[in-house]
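Colleague: Sequence:
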Amino acid sequence: MPKFSIIVPVYNVEKYIKKCLDSIFNQTFKDFEVIVVNDGTKDKSMDIVKKYDVKVINQENKGLSEARNKGASCAKGEYIVFIDSDDFIEKELLERINDSLKNKPDVVRFQIQDFKDNIVTNKYNEESFEGLNGPEAFKNICKYHYIENAWAYAIKRSYYLKEKFKFKKGTYHEDFGLTPLIIIKAKNVNSIDYLGYNYVQREGSIMNSKDYEKTKKKVEDFYNHYKYLISEGNKLKTDTTYFKSFISNCLILKITELEKEDYKIYKRKLKKEKVFDNILSDTLSRKIKKVLVEISPKLYYKIMKG
2 MPKFSIIVPV YNVEKYIKKC LDSIFNQTFK DFEVIVVNDG TKDKSMDIVK KYDVKVINQE
62 NKGLSEARNK GASCAKGEYI VFIDSDDFIE KELLERINDS LKNKPDVVRF QIQDFKDNIV
122 TNKYNEESFE GLNGPEAFKN ICKYHYIENA WAYAIKRSYY LKEKFKFKKG TYHEDFGLTP
182 LIIIKAKNVN SIDYLGYNYV QREGSIMNSK DYEKTKKKVE DFYNHYKYLI SEGNKLKTDT
242 TYFKSFISNC LILKITELEK EDYKIYKRKL KKEKVFDNIL SDTLSRKIKK VLVEISPKLY
302 YKIMKG
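Heads up: take any position in the sequence shown, counting from 1, add 1, and you land on my numbering.
What you were told as hints is all true, and nothing was included just to trick you.
In silico lysine-lysine, DSS-like type, Cα no more than 25 Å apart, as pairs:
no., residue 1, residue 2
1, LYS303, LYS219
2, LYS43, LYS169
3, LYS169, LYS228
Calculated from the structure, these hints are not laboratory results.
Build the full structure now, drawing on both the sequences and the hints.
Modeller: This is the structure in structure tokens:
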């Protein structure tokens, strides 16, 4: 059994896939398998993939969620790592993760760098920790950047299978709909300070689309993910205060992308469903924020962006 199963969904990324796969096969730690899920790509991505020693799973275009789910179902490694095919990793990432596994964590968090036009634009040097349970880990991780992104974590496969985790198919923001749950339900979580993942920000990607109809679909999907997370969180016999505050803040911020009447409709809906009540108010600054956000999310976040 390999230590790591690295799952790489592929769809129309011929400009990026070589750099992604090279970064994996150049790892200093070699005990891994690579599962490439061909999500019905229409370009020459798979011609490039054929040059590497990977397991290929072919499927019709079903989206990122289904590709990840299929890859995870075929994985044999002790830990699962999801890597988006337009991103790449630093050469010591797997070695650093492996060094952190002595306490057999369910989840290991590593840190992120932003890349744009082949230049590092941001480095997120987050504070590390070891051996925290889900709620304690979430309290720390919710202060990080890129909290819900699945590619920021290595997840123990036995834990992943036991909890029957799956990304919801046919939706945007599928990471938001699952990753917070993976963290909060974990018994043992580590976070290493290694800047190991390079997030490539490119025009034309799913999350960079400026189509307003897609924006409305993204908000609707986000709202449905929120309802699922709240429902699952309510089943847990543990402290979900930070978990609920985080997902509520995320949803409130998300609706600010809507225009005029659409925004007003969602704002009323969130007030009716008491989403604003979940925001932390345990300090004076948080109490002030909670009041301001409930009055006008758009104005508050506009001010915060400066």
